[in-house]
Amino acid sequence: MRTYILKRLLLLIPTLIGITLITFFVVQLAPGNPVSRKLQVGEGIKAEAITQDIVEQTKKLYGLDKPIYVRYWIWVKQIATLNFGRSYTDHRPVIQKIEERLPVTLALNIISIFLVYTISIPLGVYSAVKQGDIQDRVITFFLFVLYSIPSFWLAVILIYFLGGGEFWDVFPIYGILSPGAENFPFYKKALDFLWHITLPVICLTYGDLAYLSRYQRGSLLEVLHEDFLRTARAKGLPESKVIFKHALRNALIPIVTIIASILPAAIGGSVIIESIFSIPGIGKLGFEAVLSRDYPVIMAIATISAFLTLAGILISDLAYVLVDPRISFEGRK
Amino acid sequence: MSKLYLILLLLFALFLASCKPAGGESDSSVDQYSKYDNTKPVDGDWLIYNLGEEPGTLNPITATDAYQSIVNDGNVYETLVKRDDRTLEIIPLLAESWKISDDKLVYTFFIRKGIKWHDGVPFTARDVVFSYNKIMDPNVDAPHLRSYYKDIKKVEALNDYTVRFTYARPYFLALEFCGGMPIVPEHIFKNGDFNTNPAGRAPVGTGPYRFLRWDTGREIVLERNENYWGKKPHIKRIVFKLISDPTVALQVLKREEIDFTGLTAIQWARQTSSQRFKKNFNKFSYFTPNYSFIGWNMRRPFFSDRRVRTAMTYLVNRKLILEKLLYNLGDVVTNPFYVNSPEYDHSIETYPYDPERAKKLLDEAGWIDHDGDGIRDKDGIKFEFEFLIPSGSVTGEQISTILKEELKKVGIRMNIRKIEWAVFVKQLDERKFDAVTLGWSMGVESDPYQIWHSSQAEKGSNFVGFKNKEADRLIEEARTEFNREKRIELYRKFSEIVHEEQPYTFLFCRESTVALHKRFKGVNVYPLGPDHLEWFVPLPLQKYGQVTMSP
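First to last, the sequence lines map onto chains A and B.
So the number in this note's numbering is just where the residue sits in the first sequence, counting from 1, plus 799.
Position 69, counted from 1, in the second sequence is what this note's numbering calls 56; the numbers after and before it change by one each time, with no gaps.
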């Protein structure tokens, strides 16, 4: 087991280098440059734009006049000391910009992922056990409806009907804290935060929830037809024990695969939801960075996501051992 | 200009009049705001202003976005001179007067005495020289500003209160450029790297408001500078909120959680007309210096012919687009100057929508459907071209769809291509396009050189490739003509040439539309929009700030 983990960890390094190399080249060779965004005014462009001069001078300032492989080397040397460089838009350290936005994104995503799992697994189990019954059909119908609703549409509807104005005034519709919340005691501040993120969390959750519970239903159904379950029933085990002890444990294996995507998902923001609810999160930062060709920010977010994805895959591989006794790394020798 | 301004005021008056509820309605809260219309200005209250997007930085020299200037300009930072709200003439600000040498090469500004930076350090001519040196420093991220000042030979402080700019050649916009140069405090910016100076997130200026705090992604707060050298504004605090989605912004406005926000055309026309809205809010519209256009790449075989370009203009139903898609929030323009300035030539008639005349012109130019495939051709070249629009440009999308149908009817195939902004700019730079729609945003007085002079056709902003000897001469002559009347005469001739040649199909000057809470009084709508420095809230209507007011 230990040698296996060590091997996997060592393998991370070349994989990570490969990912960053490709990302670096794709991002920097894409048409456009960091200057173009600076000339934009609303839907128009600044009339005094002496584009050529500005482009050349800015390139020099940002070190973009060097050949691309030199730039990659410089970047790798920086990254080795965990220095992500400075953003082109405001010259602040990239890591500082990410740190500023990470807590909100993390909170939103962790709550949303938690809800997705705690609701969708029981829902999937229930619907598999009741396969073909009216309950199953109703649940299936609603899950498909949920799955097909675009989140930006639902967000606007929620804001319109629950956000004051003409209809009910239940939830705040922008930002993450009320004005003056800095001075609230801790528990009140936490409540205020939860109250603010209710609508965005709903929008982030329902799609994955629909997807994952269908997934759970499918994988449990497959197991339910296995011989060992017939055996379990035949020896007189109560149905609840058959389902939750014998069936579910086997049906969880495919779900474990999905854990690999949880880590990167926790820091990946949603551009649409963040923009609609004016939440200062990672999604908007990344999106803005791509539009303005803010290479250091793009690379930092890409690298962190790549690392977390790789770590997630490793963790989910290890988690298989926990849920499935048939899998063992030692046995492979 | 004054005429247009009058019309605008009239419209505004009409609008105000129409805001009053119909006779039968006896809602006492309607009078809640209007009964204080004639009270004396008092200090107090806050203005909650929706900025929309977050500025990149509040360093006025490295910043490039419009949000930075909304926060900084005239609030935190000030310049030597500014334009008067009402007349748009250049008037003193930090400089109490200035002198221009007879050869128009030397500009001497006499700085007001007793002005202090927000941290108490006196403001002097040395700060101006320092700011100029920083703008020109290649290590400072300000190439977008350098082009304005490249004709300056030197800037020197003659003493603490006199600063002199010496130009290499005369230029009619020199006063506006050097007088409008952003000025930052030397004592704060002199140490360390300019671009990363912490004052970029906590600006220190000389203006009527001082910076209080900036919570990333939430708000930027300014408070009144109690030691301001000039007339202090009445509003004690300005809170800039960052609500980027216009639907949400309008709803937050309706909840009275913000006082001021921009409106989209459809919001202006459809979603802000209820009695309930009008009870609490006023709407204003005004023209800022901008215009949109369709540019025809004159290097292409079809668009090299003046008759074809004119025919294209005949095919764009601008009145209809303005009315149906833009809810009449704008004017159809015919020449490249600011509609509220005397440079703009109102006497030029727009080409009407007239497909018949367009067909005739196309026939005359030799673009006839020779092979009967439904598409016009000439010398074996089919009249098929690509129409480039930046993605996200709503107007561009709407116009292109209408134009495509219109062109199909006369036998021209147009393919719409939507590309992301950064790539779009690159295509323009490399002149890789057939036709394009875009808007220019400019100054109150603008110099057509950068966009229309033939020397800019290769590398400058003249990407359509407009080359006209007479136009070149007029542009060059105007650059050194310091008499505005004479310059206007030159520009009138230039505008006629542009109208005749139609390198652009000029579209619209769009109106800016905003909504403001009714408790604010003393609100005037100037050509460039309302000025919050003169607003006040009558004491009984004041909403914020009473509790937290410092003793």
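The hints are simulated quantities; they were obtained by calculation from the structure and are not laboratory data.
Among the clues, some could well be false.
A partial selection of chain A residues facing chain B, derived with a Cβ cut-off under 7 Å [what the hints assert, rightly or not]:
id, residue
1, Gly974
2, Ser977
3, Arg1029
4, Thr1030
5, Ile1075
Ideal placement from N, C-alpha and C gives every residue a C-beta, glycine not left out.
Verification of the supplied hints:
no., hint, result
1, Gly974, "holds, 6 Å"
2, Ser977, "violated, 10 Å"
3, Arg1029, "violated, 56 Å"
4, Thr1030, "violated, 57 Å"
5, Ile1075, "holds, 5 Å"
Consistency with the previously given hints fails for numbers 2, 3, 4, ordered from lowest to highest.
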